[in-house]
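Undergrad: The chain contents come next:
2 protein chains.
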Amino acid sequence: MGLLIVLSGPAGVGKGTVCTALRERMPELVYSVSATTRQPRQGEVDGINYFFKTRAQFQEMIAHDALLEYAEYVGNYYGTPRDFVKETLASGKDVILEIEVQGALKVKEKFPEAIFVFLLPPSLEELKQRITGRGTETMETINTRMNVAVEEMSLLQHYDYAVMNDEIDAACDRIRSIVIAEHCRRERFVPYVTGMKDAIEKA
Amino acid sequence: MGLLIVLSGPAGVGKGTVCTALRERMPELVYSVSATTRQPRQGEVDGINYFFKTRAQFQEMIAHDALLEYAEYVGNYYGTPRDFVKETLASGKDVILEIEVQGALKVKEKFPEAIFVFLLPPSLEELKQRITGRGTETMETINTRMNVAVEEMSLLQHYDYAVMNDEIDAACDRIRSIVIAEHCRRERFVPYVTGMKDAIEKA
Numbered sequence: 001m002g003l004l005i006v007l008s009g010p011a012g013v014g015k016g017t018v019c020t021a022l023r024e025r026m027p028e029l030v031y032s033v034s035a036t037t038r039q040p041r042q043g044e045v046d047g048i049n050y051f052f053k054t055r056a057q058f059q060e061m062i063a064h065d066a067l068l069e070y071a072e073y074v075g076n077y078y079g080t081p082r083d084f085v086k087e088t089l090a091s092g093k094d095v096i097l098e099i100e101v102q103g104a105l106k107v108k109e110k111f112p113e114a115i116f117v118f119l120l121p122p123s124l125e126e127l128k129q130r131i132t133g134r135g136t137e138t139m140e141t142i143n144t145r146m147n148v149a150v151e152e153m154s155l156l157q158h159y160d161y162a163v164m165n166d167e168i169d170a171a172c173d174r175i176r177s178i179v180i181a182e183h184c185r186r187e188r189f190v191p192y193v194t195g196m197k198d199a200i201e202k203a
Numbered sequence: 001m002g003l004l005i006v007l008s009g010p011a012g013v014g015k016g017t018v019c020t021a022l023r024e025r026m027p028e029l030v031y032s033v034s035a036t037t038r039q040p041r042q043g044e045v046d047g048i049n050y051f052f053k054t055r056a057q058f059q060e061m062i063a064h065d066a067l068l069e070y071a072e073y074v075g076n077y078y079g080t081p082r083d084f085v086k087e088t089l090a091s092g093k094d095v096i097l098e099i100e101v102q103g104a105l106k107v108k109e110k111f112p113e114a115i116f117v118f119l120l121p122p123s124l125e126e127l128k129q130r131i132t133g134r135g136t137e138t139m140e141t142i143n144t145r146m147n148v149a150v151e152e153m154s155l156l157q158h159y160d161y162a163v164m165n166d167e168i169d170a171a172c173d174r175i176r177s178i179v180i181a182e183h184c185r186r187e188r189f190v191p192y193v194t195g196m197k198d199a200i201e202k203a
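Heads up: the protein sequence lines correspond to chains A and B, in order.
Counting from 1, one number per residue, gives the positions in the first sequence under the UniProt record's numbering.
Counting from 1, one number per residue, gives the positions in the second sequence under the UniProt record's numbering.
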C-alpha cells in the first residue's frame with residue numbers, strides 16, 4: 001500500500017511553490033487530481049489538471065461520499081475524489097495532496113491514516129512579505145491576512161510533521177525524508193520478518 | 001535537544017559496515033563512545049575509541065546507574081555511559097549508538113524517547129552468506145547462528161523503524177531520512193508557533 005501525504009499550511013507559506021518543486025524532485029509521487037465544476041481553461045486536460053464535472057455530477061459525488069473533502073469558491077465546487085486516491089494507493093504508489101488547512105482537517109476525518117505535513121514560514125517577517133506580495137494591498141488587508149495565517153498555524157496540532165519552508169531545496173529534502181521514513185515504519189516489515197521465521201523453521 | 005538514534009539488528013546484518021559508512025555521510029552525528037575494562041590496543045585513544053576504565057571504576061558506574069546498558073564478554077565489561085549521551089544531546093547534537101539487540105532493549109528501558117532503528121537483511125540467503133563469512137565454520141555453527149539471527153529478528157516489534165540493508169547507500173539514505181523526519185515531528189515546533197502567535201498578538 002502506498003502512503004497518502006497531505007501537504008498543507010497557512011495561506012502565503014508557499015505550498016504551491018514547494019509542490020511544483022517536489023514534482024521535479026520526486027517524480028515517483030502521484031499528485032492528487034481535484035474534481036471541479038469550473039470550466040476548463042485553455043490547455044487543461046480532464047483527468048490530468050482536474051476531473052471536470054457538471055454541477056449535478058459533483059453533487060452526486062457529494063451524496064455518495066465520493067470526495068475526501070470539498071468546498072465551494074466563487075460559485076464553483078472543488079474537491080478530492082476518494083477513488084482516485086484509493087486506487088493509486090492500492091497500486092502501491094504514494095499520493096501527495098496539496099490543500100489549504102480546512103480541507104486538510106476534513107481529509108483527516110475520512111482518512112486518518114494519511115501523513116499530515118504542515119508547512120511553516122521561516123519567520124513572521126517572511127510571511128508578511130509573501131502575503132504583501134506585489135504591494136497592491138492595503139495595510140488593513142495585510143493585517144487581516146496575517147491574523148488569519150497565524151490563526152491557521154494553531155492547526156499545527158492536528159498534523160504529524162512540520163516542515164520549515166526556509167529554502168526550497170531544504171523543504172523538499174525534508175518532505176522526501178518524511179516519505180522515506182514513513183516507509184521504514186516497523187509495522188510495514190512485520191510480514192517480512194514473519195515470513196523469514198516461517199522459512200527457516202520449515203528448513 | 002538532540003536525538004538519540006539506536007541502530008541495532010541481528011548478528012551478521014552489517015551494523016558495523018553501515019555505521020562506518022554513516023560516519024562519512026553524516027559527520028554531524030556524534031557516535032556514542034563505549035566504556036570498557038579491556039586494555040587499549042595500539043593507537044586507541046581514551047575518550048575517542050573507548051572510555052578505558054578499571055574494573056573497580058566500571059563497577060562503580062554500574063552501582064551509580066551511570067550506564068544506559070552494559071554486558072560482559074570474555075571477562076571484560078562493555079557499556080554505554082549515560083552522561084556522554086545526555087550531555088551531547090543537551091548540546092543540541094544527535095547521538096548514534098550501534099549496539100546488538102539485547103543491549104538495545106536495555107537502552108529502551110532507560111531511554112524510551114530514543115529512536116530505535118532495526119537493520120534487516122535483504123533475504124535469508126544474504127544473511128546466511130554473511131554469517132558463513134570466510135567459509136571456515138561448520139554447518140552446525142552456521143545453522144545455530146541463523147537460528148539466533150532469526151530469533152533476534154522477532155525483536156523488531158520493540159523498534160520504531162526497520163531499514164533494509166540491501167545496498168549500503170540506500171540503507172544510509174534511509175537512516176538519514178529517519179533522522180531528518182524525526183526532527184520534523186510536529187511537537188518540536190509547538191513553541192515556535194506559539195511564539196509567532198504571541199508576537200502578532202502583541203503587535
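Some clues are possibly wrong.
Remember, identical chains collapse to one label, so a pair may be satisfied in a single copy or spanning two.
[Claimed, not checked] For lysine-lysine, the following DSSO-like pairs were computed, each having C-alpha atoms within a straight-line distance of at most 27 Å:
(1) Lys86 <-> Lys202
(2) Lys110 <-> Lys93
(3) Lys197 <-> Lys53
(4) Lys93 <-> Lys53
(5) Lys197 <-> Lys110
(6) Lys197 <-> Lys108
(7) Lys53 <-> Lys128
(8) Lys106 <-> Lys197
(9) Lys197 <-> Lys86
(10) Lys15 <-> Lys108
(11) Lys202 <-> Lys93
(12) Lys202 <-> Lys128
(13) Lys197 <-> Lys15
(14) Lys93 <-> Lys106
(15) Lys202 <-> Lys106
(16) Lys128 <-> Lys197
(17) Lys110 <-> Lys202
(18) Lys128 <-> Lys86
(19) Lys110 <-> Lys128
(20) Lys108 <-> Lys202
(21) Lys202 <-> Lys53
(22) Lys93 <-> Lys128
If you're looking for bench data, these hints aren't it; they were derived computationally from the structure.
Predicted model only: the values in this text are computed from it and were never measured.
Undergrad: Look at each hint and say if it fits the structure.
TA: Hint check:
1. Taking CA atoms no more than 27 Å apart as the test, Lys86 paired with Lys202 passes in neither setting, with 37 Å inside one copy and 45 Å between copies.
2. For the homomeric pair Lys110 and Lys93, the shortest alpha-carbon distance inside one copy (19 Å) is at most 27 Å, but the shortest distance between copies (38 Å) is not.
3. Neither within a single protomer nor between protomers do Lys197 and Lys53 lie at most 27 Å apart by alpha-carbon distance, with minima of 51 Å and 40 Å respectively.
4. For a Cα distance limit of 27 Å, the shortest separation of Lys93 from Lys53 inside one copy, 25 Å, qualifies, whereas the shortest one across copies, 52 Å, does not.
5. Taking CA atoms no more than 27 Å apart as the test, Lys197 paired with Lys110 passes in neither setting, with 36 Å inside one copy and 29 Å between copies.
6. Taking CA atoms no more than 27 Å apart as the test, Lys197 paired with Lys108 passes between copies only; the shortest distance there is 24 Å, against 36 Å inside one copy.
7. Within a single copy, Lys53 and Lys128 get their C-alpha atoms no closer than 36 Å, and across copies no closer than 57 Å, so neither meets the 27 Å cut-off.
8. Taking CA atoms no more than 27 Å apart as the test, Lys106 paired with Lys197 passes between copies only; the shortest distance there is 24 Å, against 41 Å inside one copy.
9. With identical chains, the CA atoms of Lys197 and Lys86 are never at most 27 Å apart, being 32 Å at best within one copy and 37 Å at best between copies.
10. In the homo-oligomer, the alpha carbons of Lys15 and Lys108 lie at most 27 Å apart inside one protomer (18 Å), although the nearest pairing across protomers, at 38 Å, exceeds that limit.
11. In this homomeric assembly, Lys202 and Lys93 never come within 27 Å of each other (Cα to Cα): the closest approach is 33 Å inside a single copy and 46 Å across copies.
12. With identical chains, the CA atoms of Lys202 and Lys128 are at most 27 Å apart between copies only, with a shortest distance of 16 Å across copies and 65 Å within one.
13. Within a single copy, Lys197 and Lys15 get their C-alpha atoms only as close as 45 Å, which misses the 27 Å cut-off; across copies the closest is 20 Å, which meets it.
14. Proximity of Lys93 to Lys106 under the C-alpha cut-off of 27 Å is restricted to the intra-copy arrangement: shortest distance 22 Å within a copy versus 37 Å between copies.
15. With identical chains, the CA atoms of Lys202 and Lys106 are never at most 27 Å apart, being 48 Å at best within one copy and 31 Å at best between copies.
16. In this homomeric assembly, Lys128 and Lys197 come within 27 Å of each other (Cα to Cα) only across copies, at 13 Å, whereas the closest approach inside a single copy is 57 Å.
17. In this assembly of identical chains, Lys110 and Lys202 lie within 27 Å of each other by CA distance neither inside one copy nor across copies; the values are 42 Å within and 37 Å between.
18. Taking the shortest Cα distances, Lys128 and Lys86 never come within 27 Å of each other, neither inside one copy (37 Å) nor across copies (39 Å).
19. For the identical chains of this complex, Lys110 and Lys128 are neighbours neither inside a copy (33 Å) nor across copies (45 Å), given an alpha-carbon limit of 27 Å.
20. Taking the shortest alpha-carbon separations for Lys108 and Lys202, neither the intra-copy value of 43 Å nor the inter-copy value of 32 Å comes in at or below 27 Å.
21. For the homomeric pair Lys202 and Lys53, neither the shortest alpha-carbon distance inside one copy (56 Å) nor that between copies (46 Å) is at most 27 Å.
22. In this homomeric assembly, Lys93 and Lys128 never come within 27 Å of each other (Cα to Cα): the closest approach is 37 Å inside a single copy and 32 Å across copies.
Violated hints, in rising order: 1, 3, 5, 7, 9, 11, 15, 17, 18, 19, 20, 21, 22; the structure is consistent with all others.
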